[in-house]
Amino acid sequence: MDRKLPPEIERDKDAILKEANGLLKDPGKRRLLGNLLTLGGLSLATGILIRDEQSIKKILERISRFNDDVQAALFDPNDMAPEYPRSEIANPFPFNAFYPLAKVPQVDAESFRLQLSGQIADKRAWDLPALYALPQVSQVTRHICVEGWSAIGEWGGVVFSQFLKRVGADVTCKYIGFKCADGYHTSIDMPTALHAQTILAFTFRGQTLPTWYGFPMKLRMPTKLGYKNPKHITEIFVTNDYPGGYWEDVGYNWFGGS
Amino acid sequence: MTDDSDRTSIHPWWLRMVHWLNAAAVIILILSGWQIYNATGFMGFKFPREVTLGRWLGGGIMWHFAAMWLLWGVAAFYLIMATVTGRWKRQFWPVSPGGILRDLKDTFTGKLSHADLRVYNYVQKAAYLFVMLDIVVLICSGLVLWKPVQFPTLRTLLGDYEGARLIHFIAMVVMCGFIVVHVVMALLVPKTIKAMLWGR
Chain A
1 MDRKLPPEIE RDKDAILKEA NGLLKDPGKR RLLGNLLTLG GLSLATGILI RDEQSIKKIL
61 ERISRFNDDV QAALFDPNDM APEYPRSEIA NPFPFNAFYP LAKVPQVDAE SFRLQLSGQI
121 ADKRAWDLPA LYALPQVSQV TRHICVEGWS AIGEWGGVVF SQFLKRVGAD VTCKYIGFKC
181 ADGYHTSIDM PTALHAQTIL AFTFRGQTLP TWYGFPMKLR MPTKLGYKNP KHITEIFVTN
241 DYPGGYWEDV GYNWFGGS
Chain B
259 MTDDSDRTSI HPWWLRMVHW LNAAAVIILI LSGWQIYNAT GFMGFKFPRE VTLGRWLGGG
319 IMWHFAAMWL LWGVAAFYLI MATVTGRWKR QFWPVSPGGI LRDLKDTFTG KLSHADLRVY
379 NYVQKAAYLF VMLDIVVLIC SGLVLWKPVQ FPTLRTLLGD YEGARLIHFI AMVVMCGFIV
439 VHVVMALLVP KTIKAMLWGR
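Protein chains in written order, with the numbering used here: chain A, 1 to 258; chain B, 259 to 458.
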C-alpha cells in the first residue's frame with residue numbers, strides 16, 4: 001500500500017507526520033479523537049444512505065403494503081376485541097376529525113338515503129326508518145386512535161355482515177368502500193367487514209348518534225383503528241379494485257387493524 | 259458455529275453485524291416513536307420536532323413499523339447465534355450481585371480492568387442482559403399496541419391497551435438511558451468502537 005504522493009507532500013511527509021504525532025501526544029486524547037472520528041464516519045455513511053428521500057419513501061410504502069398482508073394473515077375472525085362494563089365509558093367521549101367541531105356536516109334525517117353500489121345484488125337506497133327497523137345490537141368497546149389515545153364508548157346498530165347478506169353483497173370481493181357526507185372516504189377488507197363485532201352503528205350510549213360522532217351512521221369496528229371507522233356514511237360499495245382512503249392515500253397504513 | 263476469525267477477533271463477525279443493525283433499528287424506532295408520541299403527548303410534554311423522524315405522524319408510523327422488522331429479525335438472529343455458539347454461557351455466566359457491586363466499586367475508583375475486551379466484567383454482563391430484557395419488553399408491549407385484538411394474553415398481562423402504552427414509553431426511556439451510558443463508556447474505554455467495527 002505504498003501510494004505515490006504529490007512531490008511537495010512527499011518531501012514534507014516526515015515533518016507532517018511528526019507534527020501530527022506531536023499534536024496527538026496524549027494517548028487518551030488520541031483515542032477519544034479516533035473514536036469520535038469513527039462515529040463521525042458512521043453518521044456520514046448514514047447521511048449518504050438517506051440522501052434519496054423519494055426512494056426511501058417508496059421502500060417504506062412497500063413495507064406498509066407488506067404490513068397489510070401480515071395483518072390480514074394474523075386476522076382471526078374468531079378473535080374478539082375486549083368488551084368493557086358501561087361504567088368505563090369515557091365521558092365526554094373525544095370528538096376527532098380532520099376538521100374542527102364547527103365544520104361537522106349536518107345531515108337531514110328526512111331526506112337521507114344510504115346509497116349502495118358496486119357488487120351488490122339489491123342496490124335500492126335505504127332510508128333511516130328502514131335501517132332502524134333491522135335487528136339491533138350494541139357493544140362497549142375501546143376506540144383506539146392512531147394519534148396515541150384511546151377511549152371506551154358504546155355503539156348500537158346492525159351487525160354489518162347481516163346487512164351485507166340482506167342486500168346481497170358479493171362477499172367474495174376484496175374490498176368494501178365508504179363515502180361520507182364530510183368528504184371522508186375509506187375502505188376495508190372483506191374478512192373485517194364480516195367480523196361479528198363490525199356494526200353499522202346508529203346510536204351512541206343508546207341515543208341517536210350525535211352529529212359530532214357521525215350522524216346518521218358510522219361503521220364501528222373495534223378490530224380497527226379510529227380512522228378506519230368512517231362517520232356520516234352516505235354510500236357503501238363492494239369492489240375488487242383497491243379504493244384507498246382519505247388518510248391511507250397520504251401514508252396511513254391501509255389495513256389499520258388492531 | 260465458530261469460524262477461524264473468532265480466535266483472532268475480539269468480537270465475532272455476526273456479533274458486530276448484530277450490534278450495528280440493532281443500533282440502527284433502535285435509533286430509528288426511538289426517533290420515529292417520538293414523532294408518533296408527539297401526536298398526543300400523553301405524558302404531558304412533546305419532543306422537539308428537530309429530533310423526530312418522519313416529518314409527520316404518518317411518516318413516523320411508516321418508519322416505526324418498518325424498523326420493527328429489523329429489530330425483530332436482529333433479535334431473533336442474536337438469540338439463535340448466542341445459543342448455538344454457546345455465547346450465553348461464555349460471556350454472561352456467572353453473574354452475581356456481589357460481582358456486580360465489586361465491579362461497580364472498581365469502576366468508580368478507576369481500578370476496573372479493560373485489558374481484554376473479550377471478557378465482560380460484571381457491570382457489563384448486568385447492563386447487556388438488562389438492555390436485552392428491555393428490548394424484550396419493548397417488543398412485547400409494541401406487539402400489544404400494534405395488534406391488541408390478536409394478542410389477548412399479552413394484552414391482559416401488560417395491563418390492557420393503555421398499560422402497554424405506558425410500559426412501551428418507560429422501556430423507551432430506559433433504552434435512552436442505556437444508550438447514553440453505553441456511548442460514553444465506549445468513548446472512554448480505548449479501542450472499543452474499533453473492536454466492534456473491525457473485530458480488533
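Keep in mind the hints are simulated off the structure, nothing from the lab. We put the CB at the ideal spot given by N, CA and C, even for glycine. It cannot be assumed that every hint is accurate.
Restraint-style ranges between C-beta atoms, simulated for each label pair [to be verified]:
(1) Asp52(A) - Ile338(B): 32 to 38 Å
(2) Pro306(B) - Asp14(A): 47 to 53 Å
(3) Gly183(A) - Leu424(B): 32 to 38 Å
(4) Thr298(B) - Glu110(A): 34 to 40 Å
(5) Pro210(A) - Ala444(B): 55 to 61 Å
Taking the hints in turn, this is what the structure says about them:
1. A C-beta distance of roughly 33 Å is found between Asp52(A) and Ile338(B), which places it inside the suggested range of 32 to 38 Å.
2. At about 49 Å, the beta-carbon gap between Pro306(B) and Asp14(A) stays in the expected band of 47 to 53 Å.
3. A hinted range of 32 to 38 Å holds for the C-beta pair Gly183(A) and Leu424(B), which are about 36 Å apart.
4. Distance hint for Thr298(B) and Glu110(A): a CB-CB separation of about 38 Å, consistent with the stated range 34 to 40 Å.
5. Taking the beta carbon of each, Pro210(A) and Ala444(B) are about 57 Å apart, inside 55 to 61 Å as hinted.
When held up to the earlier numbered hints, the structure conflicts with none and fits them all.
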